[in-house]
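Undergrad: Chains as they are written, first to last, in UniProt numbering: chain A, 1 to 301; chain B, 1 to 301.
If you're looking for bench data, these hints aren't it; they were derived computationally from the structure. Errors might be hidden in some of the hints.
A pair holds if it fits inside one copy or across any two, identical chains being indistinguishable in the list.
Cross-link-like lysine to aspartate or glutamate pairs, in silico, DMTMM-like; alpha carbons within 25 Å at most [stated by the list, open to error]: (1) K290 - E126; (2) K264 - E166; (3) K292 - D129.
Owing to the predicted nature of the structure, the values given are computational and were not obtained by experimental measurement.
Number of protein chains: 2
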Amino acid sequence: MALLSVFTPVLAVVLCLVIGFVLVKSWDTETTSTSPGKSKGATKGEKRPWLDQDLQDDTEITAKEDDDDADDDWGDSAEEENLTQLPYSPQRYPEETMLQRSKEFYTLMNQRRSVRFISPEPVPREVIDNVIHTAGTAPSGAHTEPWTFVVVSDPDIKHQIRLIVEEEEEMNYRQRMGEKWVQDLAKFRTNWIKEYLDVAPYLILIFKQTYGILPNGKKKTHYYNEISVSISCGILLAALQNVGLVTVTSTPLNCGPKLRLLLKRPANEKLLMLLPVGYPATDATVPDLKRKHLDDILVHV
Amino acid sequence: MALLSVFTPVLAVVLCLVIGFVLVKSWDTETTSTSPGKSKGATKGEKRPWLDQDLQDDTEITAKEDDDDADDDWGDSAEEENLTQLPYSPQRYPEETMLQRSKEFYTLMNQRRSVRFISPEPVPREVIDNVIHTAGTAPSGAHTEPWTFVVVSDPDIKHQIRLIVEEEEEMNYRQRMGEKWVQDLAKFRTNWIKEYLDVAPYLILIFKQTYGILPNGKKKTHYYNEISVSISCGILLAALQNVGLVTVTSTPLNCGPKLRLLLKRPANEKLLMLLPVGYPATDATVPDLKRKHLDDILVHV
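Make the full structure from the sequences, and use the hints.
TA: In structure tokens form, the structure reads like this:
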């Protein structure tokens, strides 16, 4: 007992240290758990630094009390319940015509390819406007229409976009290669040199609005905003193909915040996609890729 | 000192308890951080129990070493680098024709509405096949084509789907109302009674494949799989509208796992959307919603 008493002060100090450690630790955990979006980004960042952190949907960060619109049927918003119902009778085609139209649309869309070789020839701005107007007809969660399409034709801004994208891209590739392949960088140089960002007459930058601001100043979360905007992009791609223009779908790695600032977009908007748009270059090529057969994507039950 | 020595055993016990607590705590944290997708789901679950946890993209859970395809240009996969390049010269239209086509496509798509009142009349299966074939032409991250379209026409399966969806829906609404509104449930009954799931000749359930299996048995993460499949859905909606069929975009709350099991889909597939498809009912109505003006979604720079 006398021997033990010598250790009492030591024990007391150790106890204090351990308690202090526990407190710091639990504070850390708390910080992490109250910002799941950020912590997720960080986790990703460690594991796969080249993945686009800006694509994280920060819906969980911005969740507030205005959750009336988190329905599964995208039209079923609280707002909609008070709206007048109108009769709806769209055009109906005979079966033969339906079949014909479905085949023709498939043939048209099946000719679409991602094209990196874009001609600098000018494209009528009204066509681009109509294409984006078409994209804006997409359905969206609770009819929030959470999209902003920024169409860049100014050569200086296009070039600044290119510099931002290429800088990040080069970093991404170097990091990957340092980690995994350690091969000749030159082989992949084409992957981060994006000439089309200067050359294409238009760059369409598509932002998702992760939340809106209500008249009372509160944030209103836009549920499913990323899915909604992606659906809208699908319709946009169809509209481009329909007029004979080409693009390549890209989700610029980590460039979202810089591009948002460059284009002076508000804080609730996050870059989802960047589409360079124009006619294909006369010497454009595409890789000899095949698509899956219908049987590999369709199951009848 | 003598007094302190009395407390020595007590201090020792407290120290043991605290150390034990720290160990348990750090194990918890570790478990959480190695499954960010799950922890995120849980966090969401607490805050907003009616939000669809199955919509979580579990890409981070399934991330393995096969990360060669996490490029930003969706065609730039490692695979593609070895492919032959083919000349690409799609149809080119005169400016007047482009303008005309862009207007017509806008007019067609602008007539699309989410319709909950679907006619039971049969629809030719070949039309549905062509529509899904069209959806399969969408671009996808690293050309993974991470989609499965399950087309349900069997009345029994449709009814089972309805039961699963309605059960979850009712729970969701009751939970919300318990928490927030405590109003007459009957008012919202229409929100969880989904007659169209029995009535529509087809239910299209769209699954995203969160990962694939490589020949060596390893998992291959499908980056951007949710965005890719959503783009594909956008093209699918355009294809439906093009043949005069209607649907309502829905993301069934929490039903994903049950529906996946019912339809015998593999573990790498997660339900993203459920679309009931058919002709509109003769007495179909839609709420008097307006779309944003072009100026509110488009910014020229």
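Undergrad: Hints first: check each against the structure and report whether it holds.
TA: Tested hints:
1. K290 - E126: Answer is between; shortest inter-copy Cα gap is 22 Å, intra-copy 33 Å.
2. K264 - E166: Within one copy only: 20 Å inside, 44 Å across.
3. K292 - D129: between (33 Å within a copy, 14 Å between copies)
Hint compliance for this structure: every hint is met.
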